[in-house]
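Each chain is listed here by its residues.
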Amino acid sequence: MAFLSYRRGALAFALAMLTGCASSPMRDMQAPMAPPGPEQDDAGMVAPVKNARASAAVDAAQPMVAGAPAARPSAPSAPGMPAPPRKSGAPAAKGTPPTAPRGAKEPASAKNPAAPGVEQMIIFTGGLDLEVDEGEFGGKLHDAVDLAVEHGGYIGKQTDSSVTLRVPSSHFRTVMRELEKLGDVLHRSVNAQDVSEKYFDLKVRLKSLLATRDRLQKFLDRAKTIDEVLRVEQELTRLNTQIDQVQGRMRYLSAQSAYSTITLSLRARPEPPKKIVKRDEKKVKKPPPPPPRTISMPIPWLSDVSLDGLLSLGRK
Amino acid sequence: MKRFIVSLIIAAQAVACTPGLYVDAPDGFAELEEQERYDYRATNAEGVVLGVRRKKNDPQGDLAFWSGALDAHLRRSGYEAVEAQEVTSKDGIKGKQIRYHRQHQGRQHHYWVTVFVTGDQVVTVEAGGDEAFFGEQEKAILRAIKGLELG
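Same order as they appear, the protein sequences are chains A and B.
Numbering follows numbering that gives the first Met the number 0, in which position 152 of the first sequence is assigned residue number 151; successive positions increment by one, without gaps.
Numbering follows numbering that gives the first Met the number 0, in which position 112 of the second sequence is assigned residue number 111; successive positions increment by one, without gaps.
It should be emphasised that the hints constitute simulated quantities derived from the structure, not laboratory data.
One thing to keep in mind: the hints can contain errors.
To be verified - Computed, partial: chain A to chain B, Cβ under 7 Å: (1) 296; (2) 300; (3) 301; (4) 303; (5) 306; (6) 309; (7) 310.
Where is the CB? At the ideal position from N, CA and C, for every residue including glycine.
Chain A extracted, bound-state conformation (with noise of 0.2 Å):
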């Protein structure tokens, strides 16, 4: 008895500290992860990486506690502190110039130089502002979806004078180009957001919950009472959950950094000022006066005067 309870005892503390270390991180990142909008890229990615962090500190102090393999991804240390190497590569730091999107032909690299083997993750944004004729709009959006169907894109979002595209990151900035020739360019936007140490933190936070879940799955083998293996089952479906919510993550950033989002918005081209012409009054030919008053002769033989009536020569 006493060694069964000991046993138990010893589960107990086990799960306690398996579920400290996986439950305070997922929770915090439940909010965020929720929805996964670019616009909310930075709020929703900054606890990730944190969390994973955290997580894989608590990692790394696991095997001491419950066995659990000691490989674990390196993390970046506190801030302050040198970050220690990364095996993979880390993901060059935020101020780093981006390359080029995973994929993309262009620009150059598709490799972070800092840290080779790690793919260099961008989310293009382009904006144009094209002027043009306004019976023109029509013709010009469909040029525009064109263009992006050529080069493998698609349309996101279309109005009467503007429309969103879908293009592979490695096609913006031909579509770029040559979206511009469609009209007058009045106002140009590229935004490059470098995603790729959020993308590395998610990947070390999922091999985290992996292992994590695995060594939950040798528990629960080892289950003995029914509590027990409710309870490893419990902490295995919350691990599951989290597992999915970071691939969903993951994916959804693989997404937005091979298709790059242009807005393409189209303005009336102004109509030429009518030229004014400032009336010549010296030029303007005045109406002719009016005939001057005559009066009607009494006398017949007037209307005989004539150079026709001289020059006919009858009798007359």
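Chain A is fixed; fit chain B onto it per the hints.
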């Protein structure tokens, strides 16, 4: 002999003049007979014509009136007045001559109208023809007008 001389004078007047009017036609002009609206009309071979009318001074007007009335009539009819001058007949009657240009059958023509007023009569002398031939006859025509005897 005396009867013969009188007959000769009467015959000469019948040929070259109407009663009270004598016209010395320019050389090369032939008088046209039996004219209804003209008291005298003559033409040369190139179509330059000289015509004279005598009308009653009714309404009674002076030279200014009749020259003005004729000028107004002709201007209204599209004649372009280019010159005006005074002329005097052989018997000393003052008249007014107004010279016009006029397109006729696609060619430029000259047309002179000279007016004399002799108390109860108004005498108009018209001369006209193609610009190409009229110039040659201008002096002869003017001489004939100044040689008029209005009686």
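Handout entry: Satisfaction of the residue 300(A) interface hint, Cβ to chain B closer than 7 Å
Key = Holds, because the Cβ-Cβ distance from residue 300(A) to chain B comes to roughly 6 Å (cut-off 7 Å).
Handout entry: Residue hint residue 306(A), partner chain B, criterion CB-CB below 7 Å
Key = holds, 5 Å
Exercise for the section: Would you settle whether the hint for residue 303(A) is holds or violated, based on the nearest Cβ-Cβ distance to chain B being less than 7 Å? Expected result: holds, 6 Å
Exercise for the section: Grab the minimum C-beta distance from residue 310(A) to chain B and call the hint holds if it beats 7 Å, violated otherwise. Expected result: Nearest chain B Cβ about 6 Å off; hint holds.
Practice task
May I ask you to test the interface hint for residue 296(A) with respect to chain B, counting a Cβ-Cβ separation under 7 Å as satisfied?
Solution key: At 6 Å from the nearest chain B Cβ, residue 296(A) passes the 7 Å test, so the hint holds.
Handout entry: residue 301(A) as an interface hint toward chain B, with CB separation required under 7 Å
Key = Holds: closest Cβ of chain B sits about 5 Å from residue 301(A), inside 7 Å.
Practice task
So, residue 309(A) near chain B? Judge it on the closest CB pair being under 7 Å.
Solution key: holds, 5 Å
The structure is consistent with each of the numbered hints, conforming to all of them.
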